[in-house]
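Between the sequences and the hints, there should be enough to build the whole structure, so can you do that?
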Amino acid sequence: MKMVKAVVFFCAAVVLAVPCVMDATPLGTVDIAHTGFGAVSTVRIWGGGYTGRRVLAGAYMFNKTGSTGEGNHWANGSVGTFCIDLPESPSSSTLTYDVAMPEDGPVPTGFLGGPMGAKKAEYLSELWGRFYDSSWVSGNSVSEIERINDKKKRKGFTKQQKHDAAAFAVAIWEIVYEDLPESPLKWDVKNDGTEGKLGFRCDGSITDTANKWLHSLDGTGTKSNLRSWLYDGKQDYIVAKAPEPSTAVMLGLTSLVALPRKRHK
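Under our numbering, think of the first position of the sequence shown as 10, with each following residue one higher.
Hints are supplied without guarantee of correctness; some may be wrong.
Keeping only pairs whose Cα atoms sit at most 27 Å apart, straight-line, the calculated DSS-like set for lysine-lysine is [stated by the list, open to error]:
(1) Lys199 with Lys250
(2) Lys128 with Lys199
(3) Lys221 with Lys206
(4) Lys221 with Lys199
(5) Lys73 with Lys243
(6) Lys73 with Lys232
(7) Lys221 with Lys232
(8) Lys168 with Lys128
(9) Lys250 with Lys128
(10) Lys243 with Lys206
(11) Lys221 with Lys73
Derived CB-CB ranges, DEER-like [claimed, not checked]:
(12) Lys168 with Gly78: 18 to 28 Å
(13) Gln169 with Thr77: 31 to 41 Å
(14) Gly230 with Thr77: 29 to 39 Å
(15) Leu189 with Asp217: 34 to 44 Å
(16) Gly78 with Asn200: 14 to 24 Å
(17) Gly86 with Glu191: 36 to 46 Å
Hints listed in this document are in silico derivations from the structure and should not be mistaken for laboratory results. Each residue gets a CB set at the ideal place from its N, CA and C atoms; glycine is no exception.
Structure representation (structure tokens):
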């Protein structure tokens, strides 16, 4: 039986324009602005302070224009991410985000009572490693206004891509906002299993896919090297850490060496 929960609303009257203060030392920074969406679908959620709210679930696209430290791992230009911070909204203005380990987010930590922690970060790493599809961020990204006003521009991704990207986002929110289950088989995006203001559930056709993926996270799957992008006062995200430029070049050279050579008569 689904538990009846009190609705919790969080209202911020003033947001101070100061950089986020994290317990963990940032690994670097990225200068990013939200530009639109990759593959997304509308879902109705209960979680993050919302009750029955319709939100876009899927890939959030950003334009990266600068960086320091580990932020240099991502080339400037378009980068696809996934949200880990339901109570806050993205910014279309360029902001300097901290690069951190996933377990250190989201910020501020008041809603969760602390950062998500290492175990949840491990679940996210395996979820990404098993099921993330780069096609969700490689189509025709459009702004929210374009997406609403122009039906043709909603067709940059297939129905399946939108379904899967939304299921992936919902699985992420389940991991971030629910208490850790005794077994991955106990994850359930259809039911809220956490007492109090925390917890998460949603409805819609994507729930079966999200649960199937969550139930497979037994620790034996491929793990992705993830980072969180954190800004106190705006929505936070996770993203796969791109290889260092020198590493990418070496991988390219290795693949060229491995190509079969033509014999000259």
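For each hint, the structure was consulted:
Between Lys199 and Lys250, the direct Cα distance comes to roughly 31 Å. Violation of the 27 Å bound is thereby established for this hinted pair. Distance check on the hinted pair: Lys128 and Lys199 sit about 22 Å apart at the alpha-carbon level, within 27 Å; holds. Using a Cα cut-off of 27 Å, the hinted pair Lys221 and Lys206 holds, with the two alpha carbons roughly 26 Å apart. Only pairs whose Cα atoms come within 27 Å are accepted, and Lys221 paired with Lys199 is accepted, the gap being roughly 12 Å.
For the suggested pair Lys73 and Lys243, the alpha carbons sit about 16 Å apart, so the restraint of at most 27 Å is met. The straight-line distance between the Cα atoms of Lys73 and Lys232 is roughly 25 Å, inside the 27 Å bound, and the hint therefore holds. Straight-line distance between C-alpha atoms of Lys221 and Lys232 comes to about 18 Å, which keeps the hinted pair within the 27 Å bound. Taking the CA atoms of Lys168 and Lys128, the gap is near 32 Å; set against the 27 Å cutoff, the hint is violated.
This hinted pair checks out: Lys250 and Lys128 have alpha carbons roughly 19 Å apart, not beyond 27 Å. With a C-alpha separation of about 20 Å, the suggested pairing of Lys243 with Lys206 holds against the 27 Å cut-off. The straight-line distance between the Cα atoms of Lys221 and Lys73 is roughly 33 Å, outside the 27 Å bound, and the hint therefore fails. The hinted window of 18 to 28 Å between Lys168 and Gly78 is violated, with their beta carbons roughly 39 Å apart.
For the pair Gln169 and Thr77, the supplied restraint of 31 to 41 Å holds, since their beta-carbon distance comes to about 38 Å. Our hint of 29 to 39 Å for Gly230 and Thr77 holds, since their Cβ atoms are close to 32 Å apart. Separation of Leu189 from Asp217 is about 22 Å and departs from the stated range, judged on CB atoms against 34 to 44 Å. At about 41 Å, the CB distance of Gly78 to Asn200 disagrees with the hint of 14 to 24 Å.
For Gly86 and Glu191, the Cβ-Cβ distance of about 43 Å falls inside the hinted range of 36 to 46 Å, so the restraint holds.
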